[in-house]
Amino acid sequence: MEFTAMDDLSCLFDRHEKSCLRKPEKRSRKRRRVTFAMATEYTFQVGYGESTLPDGNLPGVGLCGTPIKVESSGVKDDSRGMVYRYSLRDRYLLLQRAGFTRENILALMHEQQKLHESRVCSVVEQITDKCTSRDEELEMIRRVRQCLMTSR
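Mind the numbering: the sequence shown is residues 1 to 152 in the working numbering, read in order.
Not one of these hints is a red herring.
Distance windows between CB atoms, simulated:
1. Ile68 x Gln96: 18 to 24 Å
2. Gly65 x Leu106: 21 to 27 Å
3. Glu136 x Ser73: 49 to 55 Å
Think of the hints as simulated: they come from the structure by calculation, not from any bench.
Even glycine gets a Cβ: it sits at the ideal position worked out from N, Cα and C.
Given only the sequences and the hints, what does the whole structure look like? Please build it.
This is the structure:
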């Protein structure tokens with residue numbers, strides 16, 4: 001069978017295609033609740049995590065290596081969980097326990113500060129290229145710096 005340009009356009013006149021081109025009808029949103037019957041918990045060792053977002057000047061602590069324990073269990077209907085952040089002292093102790101010396105931690109802190117400054121400069125450069133007025137530029141820089149400082 002030979003392909004022609006008309007075959008290509010015929011789908012546009014098809015009833016199905018026309019219905020697909022119409023704006024979708026607005027459906028009322030229903031609140032949905034998701035529940036789980038089983039949960040699988042993976043336990044990792046904790047160490048220096050380059051993929052973690054650090055808080056403060058101390059390097060981030062994250063999951064290290066492969067899971068050391070995998071456990072499945074049932075989930076209660078009323079159970080709710082929370083995630084906590086490690087304090088600066090906890091992170092320092094975890095890094096020491098992972099074999100980092102004080103000098104290693106200081107070097108990581110210095111590297112992290114340089115990376116953070118580089119990110120700030122890059123964002124500021126993007127802002128100055130896109131903003132039209134000096135006031136708008138200063139306001140955006142202030143907001144970005146505030147945002148980046150809270151993520152540290």
